[in-house]
Amino acid sequence: MGAPRIAVAVVTMGNRPAEVDALLESVAKQDVPPERIVVVGNGCPLPDFARRLSLPGEFTAVELDENLGCPGGRNAALARLREFGDIDVVVDLDDDGLLVDADVLRRVRDLYAADERLGIVGFRIADELGETQQRHVPRIGNSDPLRGGYVTGFLGGGHALRMAMLDEVGDWPAEFFFAHEETDLAWRAADAGWRILYAPELLLRHPKTSPARHAIYYRVNARNRVWLARRRLPLALVPVHLGVWVLLTLARNRSGAGLRAWFGGFVEGVREPAGERRPMRWRTVWRLTRLGRPPVI
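Sequential numbering from 314 applies to the sequence shown in the working numbering.
Watch out, some of these pointers could steer you wrong.
Stated by the list, open to error - What follows is a set of in silico ranges between Cβ atoms, one per label pair, in the way DEER data are often shown:
#: 1; residue 1: TYR463; residue 2: LEU561; range: 20 to 26 Å
#: 2; residue 1: PHE397; residue 2: TYR463; range: 45 to 51 Å
#: 3; residue 1: GLU585; residue 2: VAL553; range: 19 to 25 Å
#: 4; residue 1: LEU459; residue 2: ALA505; range: 26 to 32 Å
#: 5; residue 1: ARG590; residue 2: GLY327; range: 31 to 37 Å
#: 6; residue 1: ALA341; residue 2: TYR463; range: 28 to 34 Å
#: 7; residue 1: PHE397; residue 2: GLU481; range: 17 to 23 Å
#: 8; residue 1: TYR463; residue 2: ARG365; range: 14 to 20 Å
#: 9; residue 1: LEU459; residue 2: ALA341; range: 26 to 32 Å
Calculated from the structure, these hints are not laboratory results.
Fair warning: this is a prediction, and the values are worked out from it, not measured in the lab.
Backbone N, C-alpha and C fix where the C-beta goes; we use that ideal spot for every residue, glycine too.
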């Protein structure tokens, strides 16, 4: 197949202008420029990046009236790219990330050109000191962040998605707003037979952070965990998955306020509609298990 046409999408809430400038400048330095760059203002106005920065390809700004969350903002970028109709792969980058190497988009292009069933490519996330947090490695346990290969999930901070895959399995679950949207998309992709590759040579530098920095973290983390299980798992695995995560949460969390918020979100996930139920097939469960992460962990 020919070289895929690549777009870069960035979603921002307008509170990191210097970081977005630096990110876009790192995109402009790529030795294979993107065909398009889309920046989504998630409930915020955007500066005129095209005037301030020398950007490659076609630049498009999308300003949303309200903050739709990370998945909702990314869906807005996808909708605009579909209107253009000339993109094969979209690279999503966190607004406070940075492409250190100039060959990232070329490597992405070559990976997709070589494998027509490659749906998702996950980047390696490392901080300013080159350290990758273990939660950013898409494998169970103390896994080497430099070991690439096929996996069961990917990181939201830096990744690439094939547009044809999204056309088949659907876009981001906007109702999640924040947390576990990557897993929902990854499970749908795997169930449709698309491959997910962790490529540690694709580096996104990102400040070292904790997901608990977000005020809504504990509540939506639990709510979305329940929704994820209700939407995507065979019925017999739903209580297993949720039981494992209740035990893990109790073992890891020492904050009384955090636990109250988490269990409040858990109850919300049980009571509120989870959206369309499309459980994965048992052969997908086995495939994910063989790749090292059964969908109960």
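Okay, the hints, checked on the actual structure:
no. : hint                        : in the structure
1   : TYR463 x LEU561: 20 to 26 Å : holds, 25 Å
2   : PHE397 x TYR463: 45 to 51 Å : violated, 31 Å
3   : GLU585 x VAL553: 19 to 25 Å : holds, 21 Å
4   : LEU459 x ALA505: 26 to 32 Å : holds, 29 Å
5   : ARG590 x GLY327: 31 to 37 Å : holds, 36 Å
6   : ALA341 x TYR463: 28 to 34 Å : holds, 31 Å
7   : PHE397 x GLU481: 17 to 23 Å : holds, 19 Å
8   : TYR463 x ARG365: 14 to 20 Å : violated, 40 Å
9   : LEU459 x ALA341: 26 to 32 Å : holds, 27 Å
Hint violations for this structure: numbers 2 and 8, all remaining hints satisfied.
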